[in-house]
Amino acid sequence: MARIGVFICHCGTNIAGTVNIAEVLEAAKQMPNVAFVDDNKYSCSEPGQASIRDAIVANRLDRVVIGSCSPRMHENTFRRTVASAGLNPYLLEIANLREHCSWVHGDGKETTDKAIELVRKAVNKATHYEALFPKQIGLTKRALVIGGGIAGIQAALDIANSGYEVVLVEREPSIGGRMAQLDKTFPTLDCSACILAPKMVDVGQHPNITLLTYSEVQKVTGYVGNFEVEILQKAKKVDHKTCTGCGTCWQKCPEKVPSEFEVEMGERTAIYIPFAQAVPPKPVIDVDNCRYTKYLRFVEEGKEGKKPPQCRICERLCPTGAIDWEQQDQVITERVGAIVVAIGYQTFDPSAYGEYGGGRYPDVVTGLELERLMCASGPTEGEVVRPSDGAHPKTVVFASCVGSRDDRMGRSYCSKVCCMYMAKHAIMLKEHDPEVQCYIFYIDIRAGGKDFEEFARRAQEEAGAIYLRGRISKIYEDGKKLIVCGEDSLMGRPVEIAADLVVLATGMVPSDGAAELARTLNISYDSNNFLIEAHVKLRPVETQTDGIFLAGACIGPRDIPESVAQGSAAAAKLATLFSQDTLITDPLTAVVDAAWCVGCFLCQEVCPFNAIDSLVTDTRTVAVVNEGLCKGCGLCVADCRGGAIKLRGFSDQQLLAEVSALWR
Amino acid sequence: MTIASVITPSPISELRTSVEKRSGQNILECYQCGKCSAGCPTAYAMDLTPRQLMRGIQLGLKDEVLGSTTIWLCLSCQICSARCPRQIDIARVLESLRILAIAEKSKPAEKDVLLFHRIFLGLIPRYGRAHELSLGVLYNLLSKHFLANVALLPKMLTKGKLTILPPRVKGASEVKKLFAKVRAVEKQ
Amino acid sequence: MAIDYQPKIVGFMCNWCSYAGADMAGTSRMTYPPNIRVIRVPCSARVDALFIVKCFQQGADGVLVSGCHPGDCHYSEGNYHARRRFALLRELLDFLGIEKERFWVEWVSASEGKRFSRLVSAFTDELSRMGPRNTWGNQVDTTDQGQG
Amino acid sequence: MTPRVYAYYPGCTLHSTAKEYDVSARLVCQSLGIELRELKDWTCCGASSAHSTSDLLSIALPARELQAAEEMGLPLAVACAMCFSRLKFAIHELNDQATLGLVSDIIGGELRNTIEVVHLLKVLEEEKEDLPLKRPLTGLKVACYYGCLLVRPRDILDFDDEENPQIMDHLIEALGAQSIDWGFKTECCGASLPLTRKDIVLTLSHRILHQAKQLGADCLAVACPMCHSNLDTTQREIEAKYKDGVGLPILYFTQLVGLAMGFSPKQLLLNKHLTDPLPMLKEKELA
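Residue numbers (my numbering), protein chains in the order written: chain A, 1 to 664; chain B, 1001 to 1188; chain C, 2001 to 2148; chain D, 3001 to 3287.
Source of the hints: derived by calculation from the structure; they are not laboratory data.
Certain hints may be false.
What the hints assert, rightly or not - Keeping only pairs whose Cα atoms sit at most 27 angstroms apart, straight-line, the calculated DSSO-like set for lysine-lysine is:
1) A:Lys646 x C:Lys2054
2) B:Lys1062 x B:Lys1111
3) B:Lys1144 x D:Lys3198
4) D:Lys3213 x A:Lys481
5) A:Lys481 x D:Lys3243
6) A:Lys450 x A:Lys416
7) A:Lys241 x A:Lys294
Bear in mind the structure is a predicted one, so any value in this text is a computation, not a measurement.
Turn these sequences into a full structure, and let the hints guide you.
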């Protein structure tokens, strides 16, 4: 005969506002096996938890039901509370009276009735609870960081500096990410490369960091503490052990292609490092464009017609003989205990905006393109010129929210950084050429950040940028000028400006492949393909999957300081995990009752985690669950024909007890 | 007491609800970016830009909205709707406002435009088809702009661009019935 | 039908997407009819076909099973198994004398609070339209049950 | 393969101010073996006046023509952009069963809303590969002007890109002429305001003509009688008001096709325009 204690939380007025607590308590008293009922203003508060603790002891309760917020919010909190009263923490059941009841239904009888039913449901389930005991498993104190942008770099360095080994995977030939492409950073106007490069070098030289560039994560198996990761290393065709990065090859390579790093406004060679400060400072051969690899493909495919030249200049000139045509793509496997995902963002492609020319007008550029035009190491060595005719623009117009706050483009969110980088551009353009006049069309100036507002003011008061409140409707070419049509919504009058250069402040979108990677890792992502944190406020760098952490703009629009902070935060979380020598496993796993198992091993087929082993007893072979691998999905339970498998915490008996509690 | 020109917003106005009902658009979705007004070919001639008109509806300023030149100078060119980042069919909203203004018998700020529509529609049940000459003549008489476009007449006539006699089609009688039925339905 | 008829709905929600989606509906205060009772399961694949039948036997008018969108399962493939399992069951329901319209399988992600509240409202309307179910054994008194 | 027989709805203006559009369209289609069967005693689509004053009327009037086409069982070819727009809108609204019921009741007789409405521009554009050209329009720079009613809203009209449509340009290029890339293809000319607010029509038409002139166009090609009359008949006033020599012939695309196919200016009624295109065409040795 169980002795269940029922505790109803008012959550201030969040629950008590629409649910009649007194009625719920009355009803609870009548429920089978309920030995004690009580309510708290805030059960999760210290006094709240204390009163629950005391009640358990005083009334010798052996099961606890708490009617409060969602179990996804406070299940762990209350398990600790229960444990502190000397009761097994898994003898707790939570009735979700807030998210599933008081917050979504009006003030009225039916809301209270539902609350009562949810409590009865919980009581019935709890009646069938049994004490559960976690097991301990070992963990590999080695981390994987995916993405070598500023967030990933920061995470890798912090983890490495706290004494753990890190494998840093970057799909480009160099780390550095978007930040490396920026000229200056707001609001301090630091040179982006100057503050980033030292960190990149540290990564390259850190004894605890294994840097895998030109590589992508392909497959992830295992679980917290014991992940196994398959990484595809694309063939560099250059042996980085012997290569000294002298640069002869990329200076002499005759094949020129548009440079991704320069947003295709400059060129690179087929054997290349993406930019001067690249880490590693050693080249890769882009096999799609290299003349010799083209030749090899040509021969291999036995095509007709004129053969491409067998260039091989790089090979001939390389002083250390580092060129290695034999090198192939290869897949390597790494064992790690935890993973930080920092795959960042890319900028929105504005070609969908027909009214802005849809890419037809060369002198309509994106913010990132302007960064490269302004950068001393950029394609124009920092000389800001019009792509069309190389003239120096005097009138520059900015269009805000391109690919942001625009449902038409399926992008309803604010990209957060554009307001500030437009201000930065206005200030920088004035520094480059005092004759430049900037006009910035904005909807709202979003300058919430340390020194941001001051910076935005500076763009107007010192750089003399004219801010016009309104979204640009159309841009068209008129001779050498671009006519920009907007409204000054403060005057309520249409505005037309004849511009030399128009800059589209394109927003942030998740990197290509973000969703695919999320699936590989079994973490969730939202409708925009941004990754979802475990709790948007309280667990901002964790995911719902233990041992996998997030950092930077892959979660949503972020600026540099936020990305750095999150990189460090993720590292700290990971270090906390690694500070333990063993991990406590969740006991809510499947368990096979050997007596009932017929040994059909259907469970083994369906288990997504290979968590079913076979056990040979003296008489026969039966299935047995590896509790380290089992994640408790219950797939095998529902598929087991003999009903021999039970899922702890979600057994048939317990779930059906919930059903039978309804509408009594 | 409040001063006349001071706005007293009425967030839940009968104006907004009826416009939303007629147009099927959610007026509160407008975040006032002004892209509509920036692209509107006649915004320069309006007393309220389309954006201000949307604002007027949000605040429930019935007289300002129904009394604006905006609703009559709208050319239904659809640019506003095509480019609206909130995907509001603004042209549809203005259409609803015109119809509402007529229903409310509120004094049109551009009375000639309404007159033109009235004459145009007046002729169709008679002839079944539009007839420019009758349209022009009637308009000039009723609007008292006796000389509007008269300068063009001789050339139009010599070029044979204007048919003197109105068209005669059997369909006319059917169209007359059609008009009557529509009016009847709309009465209910 | 009787104005006060309130369909009884059991919802099996996977912990990672749909239950979280329901929580999201809560945190964003999106109201929906109070007819649903949510039972939390780790994965839609945990839901045994037997449970559905039991629910109807217990007097439920409708059952909703919801999990992560296909491809997004927290356990990578659970919802595929669920989908297959319940497609089959749906066909069997008619045979058991239960209109298959009373059994919905829908995908709701952790960020789709709006979708969840819409879903519950739609299901509740549908069931109200269909009216009470003739439960086995004790036939529902049809006098309080006019035409939908 | 698109059908070569169409029901044909000229629209009011094509029997008066835009006669040359009607005539050239029939001429061209006939010689291409495209049959246009004119709807029997068709009536007005309601133009901009109907939808400005009554939702229902703006659906019922076009519905009458749709019904007529349904009886013929043929896709409906339309020349006037305004009619095209109104018919397409009607079809869209009639997708709602309640509306369909109400409207069929008003126009009397059954309406199934199954008719496909196509604009002549599309019909001819599909022929562009195999046009029998007798007199390619080499050296002629044409600014294709689509106006509003053909392209917006795209999801209802389903015609071409809203900001930078190409259909007419492709057709014109196929005639050997050069179509210019410009930003005013779908800007508004002033629509139905010429009687009531001439000043606006002058302002808007001036911007369009000025831009085309500046880019060195020899003429504008249009597919809408309303655009045509706004751009053609106003040029004297514009030049006087803005002291800007914008004189540019405004031709219907059908006339340009006809010209390239070797029909005479007389057959194509090129003499009907207020801004006489003949001098320009003679100079280019195209007439």
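Would the pair lysine 646 (chain A) and lysine 2054 (chain C) pass a check requiring their Cα atoms to be no farther apart than 27 angstroms? Since the Cα atoms of lysine 646 (chain A) and lysine 2054 (chain C) sit roughly 18 angstroms apart, the hinted pair holds (cutoff 27 angstroms).
Taken at face value, is the distance from the CA of lysine 416 (chain A) to the CA of lysine 450 (chain A) at most 27 angstroms? Since the Cα atoms of lysine 450 (chain A) and lysine 416 (chain A) sit roughly 14 angstroms apart, the hinted pair holds (cutoff 27 angstroms).
Hint consistency between lysine 3213 (chain D) and lysine 481 (chain A) [alpha-carbon to alpha-carbon, up to 27 angstroms]: The hint holds at about 16 angstroms.
Holds or violated: are the alpha carbons of lysine 481 (chain A) and lysine 3243 (chain D) at most 27 angstroms from each other? holds (23 angstroms)
Would you check the hint for lysine 1062 (chain B) and lysine 1111 (chain B), treating anything up to 27 angstroms between C-alpha atoms as holding? It holds: about 18 angstroms lies between the C-alpha atoms, which stays within 27 angstroms.
Straight-line Cα separation of lysine 241 (chain A) and lysine 294 (chain A) no greater than 27 angstroms? holds (25 angstroms)
Hint consistency between lysine 1144 (chain B) and lysine 3198 (chain D) [alpha-carbon to alpha-carbon, up to 27 angstroms]: holds (15 angstroms)
In summary, this structure violates none of the numbered hints.
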